[in-house]
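Asks: Heads up: the protein sequence lines correspond to chains A and B, in order. For the first sequence, my numbering puts the final residue at 113, and the numbers step up evenly by one. For the second sequence, my numbering puts the final residue at 112, and the numbers step up evenly by one.
No wet-lab data here; the hints were simulated from the structure. Check each hint, because a few of them may be wrong.
As a list, the in silico BS3-like pairs of lysine-lysine whose alpha-carbon atoms are at most 25 Å apart [as the list claims (entries may be wrong)]:
hint, chain 1, residue 1, chain 2, residue 2
1, B, Lys17, A, Lys44
2, B, Lys51, B, Lys38
3, A, Lys11, B, Lys38
4, A, Lys71, A, Lys15
If you want the ones that stay clear, here's a sample from chain A, every Cβ over 12 Å from chain B, calculated [stated by the list, open to error]:
hint, residue
5, Ile13
6, Glu14
7, Gly40
8, Lys44
9, Gln48
10, Pro61
11, Asp74
12, Lys83
13, Leu91
14, Gly99
We put the beta carbon where it would ideally sit given N, CA and C, even for glycine.
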Amino acid sequence: EAGVAQSPRYKIIEKRQSVAFWCNPISGHATLYWYQQILGQGPKLLIQFQNNGVVDDSQLPKDRFSAERLKGVDSTLKIQPAKLEDSAVYLCASSLTVGNVLTFGAGSRLTVL
Amino acid sequence: SQELEQSPQSLIVQEGKNLTINCTSSKTLYGLYWYKQKYGEGLIFLMMLQKGGEEKSHEKITAKLDEKKQQSSLHITASQPSHAGIYLCGADSGSGNTPLVFGKGTRLSVIA
């Protein structure tokens with residue numbers, strides 16, 4: 001079974017630039033999550049999708065972050081404009097449905113200069 | 001909101017020694033998940049505990065959820081270099097639709 005795919009693995013940008021991360025979940029997984037993990041911290045949920053609908057985006061900084069999951073499969077997380085404090089690893093995870101074990105991708109490491 | 005505190009924050013052990021990592025929740029745990037993360041990689045699922053008093057083992061790693069369901073421990077027996085990494089506990093607050101909240105992690109180093 002293929003795992004959760006994420007790209008790019010690494011991205012370096014300057015502040016005020018924009019960046020987009022892509023995630024392809026495990027086939028058949030209805031629930032998709034984006035987490036932000038700042039160095040030395042545990043992952044923090046940004047947004048949760050159930051199929052192509054948003055279940056929870058209460059911790060997503062909506063003035064600069066946006067995410068979509070078109071057709072209930074792939075998802076894209078965008079940051080525009082980026083700030084220094086956005087430097088983190090962005091982890092995508094998927095599960096068969098809510099309440100099931102999350103499978104994580106390898107993450108996308110963002111450095112904002 | 002639920003918070004998870006892990007202890008210790010970091011641990012250095014000699015190969016072959018046993019160790020324990022703790023995870024304490026500010027609220028009752030309905031589902032407690034242990035993950036392992038290596039630097040630069042995603043989280044690898046280890047075990048899930050749901051019932052008070054439940055204990056699960058996989059190879060040399062044993063996880064327990066206490067009876068009152070507010071604390072979990074992860075015990076590694078005869079540690080090996082392959083056990084090195086960051087161990088994270090994650091909790092489900094029980095509403096059935098709530099994603100995992102994570103602790104800050106425990107960084108484990110195993111030296112020969």
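Asks: Sort out which numbered hints this structure fails and list those numbers smallest first.
Replies: 1, 2, 4, 7, 8, 9, 13 and 14
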